[in-house]
Structure formats: C-alpha cells, structure tokens
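**Student:** Sequence:
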Amino acid sequence: MDHERYMRRAVEVAHGNLDAPFGCVIADRETGEVLAEGLNKAERNPISHGEIDAIVHLSADRPAVDWTRLVLYTTAEPCPMCSGAILWCGIPRVVFGTSIQTLKHLGLPQIDLPAGEVSNRSSFSRFELTGGVLKPECDALFEEMARRMGS
1 MDHERYMRRA VEVAHGNLDA PFGCVIADRE TGEVLAEGLN KAERNPISHG
51 EIDAIVHLSA DRPAVDWTRL VLYTTAEPCP MCSGAILWCG IPRVVFGTSI
101 QTLKHLGLPQ IDLPAGEVSN RSSFSRFELT GGVLKPECDA LFEEMARRMG
151 S
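Per the working numbering, the very first residue in the sequence shown carries number 1; after that it's consecutive.
Because the hints were derived from the structure by calculation, they are not lab data.
None of these values were measured; they are calculated from a predicted model.
Any given hint might turn out to be false.
Derived pair list, reagent style SDA-like, types lysine to any residue, alpha-carbon separation capped at 25 Å [stated by the list, open to error]:
| hint | residue 1 | residue 2 |
| --- | --- | --- |
| 1 | Lys104 | Arg69 |
| 2 | Lys41 | Val56 |
| 3 | Lys135 | Arg62 |
| 4 | Lys104 | Thr68 |
| 5 | Lys104 | Lys135 |
| 6 | Lys41 | His105 |
| 7 | Lys104 | Thr31 |
| 8 | Lys104 | Ala85 |
| 9 | Lys135 | Gln110 |
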C-alpha cells in the first residue's frame, strides 16, 4: 500500500480540528478502499480520539468488516487507550506520523507508553507498527497545536 497516500488523507482529516489534529484513516489493504475516517473530538467526549472515532464509524457502517484486512493510518502514534482498541479490533497494521516522544517534547499531554510496547504486551493480538510516515507534515500539525496551547 502507498502509506504516504493514506497518511496525506489522515493529515487532511486532521485539519478539521487544529486544536487536536489527530486524524485517522482506516483502509482495506487488499482493495485500497478507505473504509472510515476519524477526528479527535475529545472536547465533546474525552475518549473520542481520532482512532476511536474511526473505529466507531467503521463498526457502525460496516458491521461485517474483516478487521484482519485493515491498515490504520494516524497522524500521531496511538496512545495506550487507542492501541488497546486497535488490538481488540484485530487490526494488524498501524502507520503513524508523529511519535509520542515528539508530542511529549512539544509539551503536549501524553501517557509515556509506546504503541509497540502495548502491542507486545498483548496476550491475544499484535499489530505491526510503522512510524514516521510524512513526519514533517504531521509534526507541523502538532507544533501548531502546541503553539495554540501555549506549550
């Protein structure tokens, strides 16, 4: 799959909330079809991160989806909550732009537990992780977020 293509779409989605630009796209790795998109809506619901929003949309719109065929693209490395949700869904591949370490360096609130470690500690599932895709574009989103927050 063309990771940059799907990450570009996640960046576009993220522009829908520049105060929390966590955009997400879930694609079928066999057909290339984008099946769901999500945006951080934590101002309304604290657990509505971009990944959770996309998963909720996908499960509602396509209840018979084969989760094992999917790739999740997100502008930032999934937090432990989102990593857990991805594992429970059985999504086998996660691609992100900005790392948790970069978010921490920018002064943004984070739980310092990398997505790969969450995956490795799971007894029932794992996901393959690819980071740094369109990192400069994704980092710019979060640098702007940090400026807005006064970090």
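**Student:** It remains to establish, for every hint, whether it holds in the given structure.
**Tutor:** Hint check results:
no., hint, in the structure
1, Lys104 with Arg69, "32 Å, violated"
2, Lys41 with Val56, "12 Å, holds"
3, Lys135 with Arg62, "30 Å, violated"
4, Lys104 with Thr68, "31 Å, violated"
5, Lys104 with Lys135, "15 Å, holds"
6, Lys41 with His105, "23 Å, holds"
7, Lys104 with Thr31, "36 Å, violated"
8, Lys104 with Ala85, "22 Å, holds"
9, Lys135 with Gln110, "18 Å, holds"
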